[in-house]
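If you want the building blocks of each chain, they are given just below.
Protein chains: 2
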Amino acid sequence: MKDIEIRELFRNKEKYGDQEVVVHGWVRGNRSSNQFGFLSINDGTFFTPLQVVYEADNLANFTEISKVHLAAGVTVRGTLALTPEAKQPFEIKAKEIVVEADSQSDYPLQKKRHTMEFMREIAHLRPRSNTFSAVYRVRSIVAYAIHKFFQEQNFVYVHAPIITGSDAEGAGEMFQVTTLDPDNLPRTEDGKIDYSQDFFGKETNLTVSGQLEAEAFALAFRNVYTFGPTFRAENSNTARHASEFWMIEPEIAFADLQDDMDLAEAMVKYIITYTLEHAPEEMNFFNQFIDKGLLERLDHIVNSSFERVTYTEAVEILQKSGKEFQYPVEWGLELQTEHERYLTEEVYKKPIFVTDYPKDCKAFYMRLNDDGKTVAACDMLVPGVGEIIGGSQREERLDVLEARMKELGISENGYEWYLDLRRYGGVKHAGYGLGFERMIMYLTGMSNIRDVLPFPRTPKSAEF
Amino acid sequence: MKDIEIRELFRNKEKYGDQEVVVHGWVRGNRSSNQFGFLSINDGTFFTPLQVVYEADNLANFTEISKVHLAAGVTVRGTLALTPEAKQPFEIKAKEIVVEADSQSDYPLQKKRHTMEFMREIAHLRPRSNTFSAVYRVRSIVAYAIHKFFQEQNFVYVHAPIITGSDAEGAGEMFQVTTLDPDNLPRTEDGKIDYSQDFFGKETNLTVSGQLEAEAFALAFRNVYTFGPTFRAENSNTARHASEFWMIEPEIAFADLQDDMDLAEAMVKYIITYTLEHAPEEMNFFNQFIDKGLLERLDHIVNSSFERVTYTEAVEILQKSGKEFQYPVEWGLELQTEHERYLTEEVYKKPIFVTDYPKDCKAFYMRLNDDGKTVAACDMLVPGVGEIIGGSQREERLDVLEARMKELGISENGYEWYLDLRRYGGVKHAGYGLGFERMIMYLTGMSNIRDVLPFPRTPKSAEF
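First to last, the sequence lines map onto chains A and V. UniProt numbering numbers the first residue of the first sequence as 1 and each following residue consecutively. UniProt numbering numbers the first residue of the second sequence as 1 and each following residue consecutively.
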């Protein structure tokens, strides 16, 4: 008899009422008297565990089962009894229970509260807990929602290279990738390390962004997106930074900054709606145990039209607010997290786009506005998190781009291909980057990026 | 007036007959006389270009348009005329054409045959060509088909870490990831490089496989899959090897080798069916220009039941074949590509699984069969390509696994967490790895892995 996934039983319980079923699962709870006992089992396909009732009278191995450890893997054959009056909607009355793989009694994930720090130390076991089971299922569902959103609009998914010979925009510190033997570094005549002998014949790093490559594809396919890992070798130990994280970078041609923001807003709303629909048990759990008010907030966002305000306007609002900030507010200075959160949480009480930043705050490839001072950039700020998306219209005018690179001392060396894109049909185009983990934190209420990554990589930590 | 994507016009042309439409696109061809001309434009959303007719009598900038270069970006306003008798099903009679971004006359992608080698040199422009436009769209569609296949069965998508402190199974040469300054390497007292001062506090590499981490998640969620980049620092310049490639690694619990092969077979059939349905123009192009017989072969595969043969049987078949092979055939030796292709192409003429290899040919984590000599492994071999999938049931018995690691001299150091999975409910489980680019090569008939990756990384080459 073929087994049935526990998800299927929960989703279509009426179909199985009074039927004999076989399920597999891991023991999440076990309590028994001399005469009968209750196993709570979970096969990983559904958030809620399944209750199994077993009795000494019908179970040859009753004693074995009453002693089975937490985390043991079992197969249960029994009859599904609908229990509409009970807390759980049904239970299995066991006829047979086979222990497929027992567990040792020193199982680290005993039924009690554990600190998040402890859970990070057992990252190989924490997906079995309620919190992390919910986090990783939501993570998976959000990843799929993102693909679905873009694919249904015929975007082309591009795998931007991970190992790169260029340093993009100096977006951050980079990890070096090499196969040179550090104890026998080859040297050139003038004593420098001879990278021509390295694997790729030059110095290479881990990518910080796939945007430039995505631009090449957008100028062929019109609408494209990347979704892949990116890296920052920054020694910052905060709850919002990881050294390895995933990023989504859509890029659209024949499109300007307004189109870009329209796309970003539609995407965020789609992701929220899809996740609420496909992970209701998990989202209720987060709302109840991790972040009260989460569902209300998400619901509000789906039904809001996101505000758009220029950087210049934002600075005026902040200056007139009468609020004391730790960092100064002045035209030309970066907005700090406290400013961003004040704007989105207290002024607008919903997600906002701040646009048209001073060019000196932003990267070389952003399109210069007619005022000569600002660029067509946009940051999406959301209540509770702050910046979640950063985007811009790209500078498509070859002469302006070259002048800007010169101004910033960026050599054209290595960027010839990028400039080519402006030489041959470089129409207006725009794009943005979404930090995937930031989105998961936002959706789940989890407050540390280490707890939404399966096996986080942070300074001094690359376990598992 | 909002523009319409060219895909929409092709897919629903009747709806737009005699209507005025606005389209954007890049010029793929332009020929004209004194009185009229034809632009062939493509906006990247559809494989087939759109024909635009323009006449001196209704176009103020007729002269400009008649001189517009290949690759220029244009906006066309005009009337859609259905032309059921002509080669193309409709054309646009232009009322207005605006040049959004012209192109220089030295555009490298002129209308003539280019070698694949030349196209690799202009990887930033080649997505605009017919062949590469088809390749990358199919690549995107296949990626989505894979996600869809697993998500619809409720598999959890896991992002396995890219930077890793373990060397997995010694599956291949690895790239080192570091932030140490090679000109000032910190040393320990005994003169060794002091990796405790490196970014992660130890030596780290780029992953060669996410399998071990996927196992941890399968033992929580039952059914999971990874889809991410993996790396091999092997100095092999073949048409089938890249240093950076993408891999899909499903892992299923409460499952054995037969379940594993069932899943792999269903997945391959799903991918083919989905791609034929969603990229018919591209697949016809490959069939006509890249690999004649492709569609027939793919159709055959969808309708075949894949053969399953043990390694021991395969060796007997090869030995009795009377065929002269370059490499010897003997029990205990690896099957070479020539053997694999003979089996799948000449003996069975369809995909086959070869199972139960000698343990010495395979990795330490594969489950030892009762004969003590072979392991529960499977390779999927397909006509025209050879091995495309490698999988196994995993050794879930702690004592057997530990003995095997000892036999192979693999230290338990760094694998404690992997052994934990056997200590706490380590039920039977299995999984496989699919090389994503191999699958794309198989589906498109493209013969070099460099031509199915957007920006390939191979020895001495990490351009763009």
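There may be inaccurate statements among the hints.
The calculated lysine-lysine pairs, modelled on DSSO-like cross-linking and capped at a C-alpha distance of 30 Å, are [unchecked claim]:
| no. | chain 1 | residue 1 | chain 2 | residue 2 |
| --- | --- | --- | --- | --- |
| 1 | A | K148 | V | K148 |
| 2 | A | K202 | V | K148 |
| 3 | V | K148 | A | K15 |
| 4 | V | K192 | A | K2 |
| 5 | A | K192 | V | K460 |
| 6 | A | K350 | V | K15 |
| 7 | A | K13 | V | K2 |
| 8 | A | K148 | V | K13 |
| 9 | V | K2 | A | K148 |
| 10 | A | K2 | V | K13 |
| 11 | V | K15 | A | K148 |
| 12 | V | K2 | A | K202 |
| 13 | V | K350 | A | K2 |
| 14 | A | K269 | V | K2 |
| 15 | V | K112 | V | K15 |
| 16 | A | K192 | V | K350 |
| 17 | V | K148 | A | K460 |
| 18 | A | K269 | V | K148 |
| 19 | V | K192 | A | K460 |
| 20 | V | K202 | A | K202 |
| 21 | A | K192 | V | K202 |
Pulled a few chain V residues facing chain A out of the computed Cβ check, cut under 8 Å [to be verified]:
| no. | residue |
| --- | --- |
| 22 | F36 |
| 23 | A71 |
| 24 | S140 |
| 25 | H147 |
| 26 | A239 |
| 27 | E463 |
No lab work stands behind these hints, which were simulated from the structure alone. All C-beta atoms, glycine included, are put in the ideal place defined by N, C-alpha and C.
Going down the list of hints, with the structure as the test:
1. K148(A) with K148(V): This hinted pair holds, its Cα atoms lying about 9 Å apart.
2. K202(A) with K148(V): The hint is violated at about 39 Å.
3. K148(V) with K15(A): holds (26 Å)
4. K192(V) with K2(A): The given pair, whose Cα atoms are some 57 Å apart, is violated under the 30 Å limit.
5. K192(A) with K460(V): Answer holds: K192(A) to K460(V) is near 19 Å, not above 30 Å.
6. K350(A) with K15(V): violated (40 Å)
7. K13(A) with K2(V): violated (49 Å)
8. K148(A) with K13(V): OK: K148(A) and K13(V) at ~25 Å, within 30 Å.
9. K2(V) with K148(A): It holds: about 24 Å lies between the C-alpha atoms, which stays within 30 Å.
10. K2(A) with K13(V): violated (49 Å)
11. K15(V) with K148(A): holds (26 Å)
12. K2(V) with K202(A): Given that 30 Å is the threshold and the Cα spacing comes to 47 Å, the pair is violated.
13. K350(V) with K2(A): holds (29 Å)
14. K269(A) with K2(V): It holds: about 23 Å lies between the C-alpha atoms, which stays within 30 Å.
15. K112(V) with K15(V): Answer violated: K112(V) to K15(V) is near 35 Å, above 30 Å.
16. K192(A) with K350(V): violated (55 Å)
17. K148(V) with K460(A): violated (36 Å)
18. K269(A) with K148(V): Holds, at roughly 21 Å.
19. K192(V) with K460(A): Distance ~19 Å between K192(V) and K460(A) Cα, so the pair holds.
20. K202(V) with K202(A): holds (24 Å)
21. K192(A) with K202(V): Holds, at roughly 25 Å.
22. F36: Hint violated; F36(V) Cβ to chain A Cβ min 23 Å, cut 8 Å.
23. A71: The hint holds - A71(V) has a Cβ within 8 Å of chain A, the shortest such distance being about 4 Å.
24. S140: Where the cut-off is 8 Å and the nearest Cβ of chain A is about 4 Å from S140(V), the hint holds.
25. H147: The hint holds - H147(V) has a Cβ within 8 Å of chain A, the shortest such distance being about 5 Å.
26. A239: Constraint on A239(V) not satisfied, violated at 19 Å.
27. E463: holds (7 Å)
Violated hints, listed in ascending order, are 2, 4, 6, 7, 10, 12, 15, 16, 17, 22 and 26; each of the other numbered hints is respected by the structure.
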